[in-house]
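Colleague: One-letter residues, chain by chain:
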Amino acid sequence: MSTGTEIKWTPGKASEGWNRPPVIEPDGEGELLEVAMGPHHPSTHGVFRMDVVLDGERVIKLKPVFGYLHRNHEKIAEGASYLASMPYTDRLDYFCSLSNNWAYALAVEKLVGQDVPERAEYIRVILAELTRIQNHASSIGFLTQEMGASGTPLMYAFREREKILDLFESLTGSRMMCNYMRFGGCRVDVSAAWLDAARKVVAGLPKFVDEFEALLSSNEILMARCQGVGVLKPGLAVNASISGPMLRASSVNYDIRKVDRYGIYDRFKFRVPLGDHGDIYDRYMIRILEMRESIGILNQALKDVPGGPVMDAKAKIRGFRPKPGEAYGRIEAPKGELGFYLISDGSPNPYRYRVRPPSLINLTVLEDMCVGHNVADVVLIFGSVDIVLGEVDR
Amino acid sequence: MKTVEEIKAAIEAAVPGAGVTVLANPSPSAQHSLLIAHDHAVEVATFLRDAPELAFDFLSNVSGVDWPDKEISEKVKVTRQVVKTVDGVEQTVDETVEETRKHVQPGYLESVYHLYSVALGHGPLTIRMRTANRTDKAEMPSLTPVWRGAEFQEREVFDLYGIVFTGHPDLRRILMWDGFKDYPMRKDYVDPDDFEYEPTPHDEVLKRAQAHQAAAAVREGAAPAQ
Numbered sequence: 014m015s016t017g018t019e020i021k022w023t024p025g026k027a028s029e030g031w032n033r034p035p036v037i038e039p040d041g042e043g044e045l046l047e048v049a050m051g052p053h054h055p056s057t058h059g060v061f062r063m064d065v066v067l068d069g070e071r072v073i074k075l076k077p078v079f080g081y082l083h084r085n086h087e088k089i090a091e092g093a094s095y096l097a098s099m100p101y102t103d104r105l106d107y108f109c110s111l112s113n114n115w116a117y118a119l120a121v122e123k124l125v126g127q128d129v130p131e132r133a134e135y136i137r138v139i140l141a142e143l144t145r146i147q148n149h150a151s152s153i154g155f156l157t158q159e160m161g162a163s164g165t166p167l168m169y170a171f172r173e174r175e176k177i178l179d180l181f182e183s184l185t186g187s188r189m190m191c192n193y194m195r196f197g198g199c200r201v202d203v204s205a206a207w208l209d210a211a212r213k214v215v216a217g218l219p220k221f222v223d224e225f226e227a228l229l230s231s232n233e234i235l236m237a238r239c240q241g242v243g244v245l246k247p248g249l250a251v252n253a254s255i256s257g258p259m260l261r262a263s264s265v266n267y268d269i270r271k272v273d274r275y276g277i278y279d280r281f282k283f284r285v286p287l288g289d290h291g292d293i294y295d296r297y298m299i300r301i302l303e304m305r306e307s308i309g310i311l312n313q314a315l316k317d318v319p320g321g322p323v324m325d326a327k328a329k330i331r332g333f334r335p336k337p338g339e340a341y342g343r344i345e346a347p348k349g350e351l352g353f354y355l356i357s358d359g360s361p362n363p364y365r366y367r368v369r370p371p372s373l374i375n376l377t378v379l380e381d382m383c384v385g386h387n388v389a390d391v392v393l394i395f396g397s398v399d400i401v402l403g404e405v406d407r
Numbered sequence: 406m407k408t409v410e411e412i413k414a415a416i417e418a419a420v421p422g423a424g425v426t427v428l429a430n431p432s433p434s435a436q437h438s439l440l441i442a443h444d445h446a447v448e449v450a451t452f453l454r455d456a457p458e459l460a461f462d463f464l465s466n467v468s469g470v471d472w473p474d475k476e477i478s479e480k481v482k483v484t485r486q487v488v489k490t491v492d493g494v495e496q497t498v499d500e501t502v503e504e505t506r507k508h509v510q511p512g513y514l515e516s517v518y519h520l521y522s523v524a525l526g527h528g529p530l531t532i533r534m535r536t537a538n539r540t541d542k543a544e545m546p547s548l549t550p551v552w553r554g555a556e557f558q559e560r561e562v563f564d565l566y567g568i569v570f571t572g573h574p575d576l577r578r579i580l581m582w583d584g585f586k587d588y589p590m591r592k593d594y595v596d597p598d599d600f601e602y603e604p605t606p607h608d609e610v611l612k613r614a615q616a617h618q619a620a621a622a623v624r625e626g627a628a629p630a631q
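Protein chains in written order, with the numbering used here: chain A, 14 to 407; chain B, 406 to 631.
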């Protein structure tokens, strides 16, 4: 296990606090076994390591080890202009590039006080909700994959994801690295034909979710493996800055679309699903229900997309130099709260560019959820957090 | 949400001697911040979290910022007496000269915390702390005991900026590997020489590669490569 560099620090009172991982004693029979799960492990969704201390099959201790994919995105962004970092945000959470685009655009728009035309706001909502649906579907697919359902639910999810990625491709030119949003709007306008195609895809989605649920929700193995496993209490979830479906599965009613009402989310009717137990099954169920709510939002948004420009006429593109100051902007990304913190010193490059990665911060409580469970459950608990390593390590 | 001035007054009423300063943000975002002194930082943070009318229970974001030493040059008008020869007679005349004076504003490291309230649905409140300098006193109290969400983020600030958070339960590098010496996000960080070489180096890069390989061979105690 890594020991860290030699630095002087005094262990604080936190070690005895309620918000620390539970300490359990080994039963004293046999030796403890230290296992490095990863960095090349099929369940880690990339390169990520968990140093697990086992007493038999029971997890005594678990330390996540990050950084295998670290490329210091924040430092690179400090050396590039504001716009030049937009394509790089695609590579954070590469499943949800359009949400990342929106979060960054929102933060810059806050920094310079930029308005966004109504049509662009509608397009942003449509793209963000499509992104959420394909992310949640794939994430459930991966979760069942880790449970041993070799690929079937994942392929169902990917079938639907393909349709959504085709929409992205025809609009932005790329399936995953979309690089679509700009400060003050969107890069290109959508056509009427694209909107029709989107309506057609969205019309097929409820059937997919029904089918997905019929396949999984009452599945005996899924219930046995997920219910009561990896429980996260609401108090700890809030204190540990957990966000997104994980927070809501722990019955905390906090959805940034409702709280901040960024964009035009106050125009749409949707509910915020909440879990009861905070276990893996609740996280699965929240994702299913959020897909249904997203379909509702999409139906409302696609009904009346207003005309007009997709870029604010006053938006500055050449010589973009925000006045000195700072801004923090955040959105409800599929994985949780994605925020960007920017400091401008009046130059064309940001003085400080910080990404608040939901994937990394949601892993704060991984040890708390895993301690006491069997090692096979670690894979599931980790899968239920729904992370992408491109965002964890940045 | 209350304004930062009101929150400052509430903190000062609850934690005597807290040492809170309001820092204005000229950007249109108007997210003004509170600068917190080290001595009572944990008490102030606990108050912000637990006071029922504030209830900042959700620590959203922790970021480090590096502000290196800054040389400030200002122009000052100085009047001095000069001996001049006017019409063949030596006279002492007052003369106004513009002079450039330089002084160094000492740098510091800063960590910025963005707080929200899940209970009341307001935010963000920006609080920040600054270290005394960038070298031997780069430390500040950790807020992880108050908000667990700071655990990985403070580790990241320690890793990339070198701020030592006293009271952090598990302060280790998180993204860079153990044994890495420098702090990459600092403004004066220089990439190491052996950062990345072309597979078939030539010209300038070839010289650097050879110099590096010779130095590496000496370090490892072997004979220098041919």
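These are calculated hints, taken from the structure and not from any lab test. Please note that a few of the clues may not be correct.
[Unchecked claim] Label-pair distances were calculated between CB atoms; the ranges are:
#1 Asn-266/A <-> Ala-429/B: 47 to 55 Å
#2 Gly-321/A <-> Ala-419/B: 43 to 51 Å
#3 Ala-614/B <-> Gly-161/A: 46 to 54 Å
#4 Asn-362/A <-> Ala-419/B: 34 to 42 Å
#5 Arg-506/B <-> Gly-186/A: 53 to 61 Å
#6 Gly-92/A <-> Thr-571/B: 29 to 37 Å
#7 Val-595/B <-> Phe-171/A: 39 to 47 Å
#8 Glu-131/A <-> Thr-571/B: 48 to 56 Å
[Stated by the list, open to error] Covered by chain A, per the in silico footprint, the following chain B stretches (three or more residues, Cβ under 8 Å):
#9 407-421
#10 474-487
The structure displayed is predicted, hence computed values, not measured ones. C-beta: ideal position from N, C-alpha, C; glycine also.
Colleague: Within 39 to 47 Å: is that where the Cβ-Cβ distance between Val-595/B and Phe-171/A falls?
Modeller: holds, 45 Å
Colleague: Lying within 46 to 54 Å: is that true of the beta-carbon distance Ala-614/B to Gly-161/A?
Modeller: holds, 49 Å
Colleague: Please check whether Gly-92/A and Thr-571/B have a Cβ separation lying inside 29 to 37 Å.
Modeller: holds, 32 Å
Colleague: Is the hinted range of 48 to 56 Å satisfied by the C-beta distance from Glu-131/A to Thr-571/B?
Modeller: holds, 50 Å
Colleague: Using the beta carbons of Asn-266/A and Ala-429/B, state whether their distance is inside 47 to 55 Å or not.
Modeller: Given range 47 to 55 Å: violated, Cβ gap about 34 Å.
Colleague: Between the beta carbons of Asn-362/A and Ala-419/B, is the distance compatible with 34 to 42 Å?
Modeller: Distance hint for Asn-362/A, Ala-419/B holds at roughly 40 Å.
Colleague: Quick one: are Gly-321/A and Ala-419/B within 43 to 51 Å, going by C-beta?
Modeller: holds, 50 Å
Colleague: With 53 to 61 Å as the target window, see if Arg-506/B and Gly-186/A comply at their CB atoms.
Modeller: holds, 56 Å
Colleague: Counting residues of the segment 407-421 of chain B that have a beta-carbon nearer than 8 Å to any beta-carbon of chain A, does the count reach 3?
Modeller: With 0 residues closer than 8 Å to chain A, the segment 407-421 of chain B misses the three-residue bar; violated.
Colleague: So is the segment 474-487 of chain B in contact with chain A by the C-beta rule, three or more residues under 8 Å, or is the coverage claim wrong?
Modeller: violated (count 0)
This entry does not satisfy hints 1, 9 and 10, going by the numbered hints stated previously.
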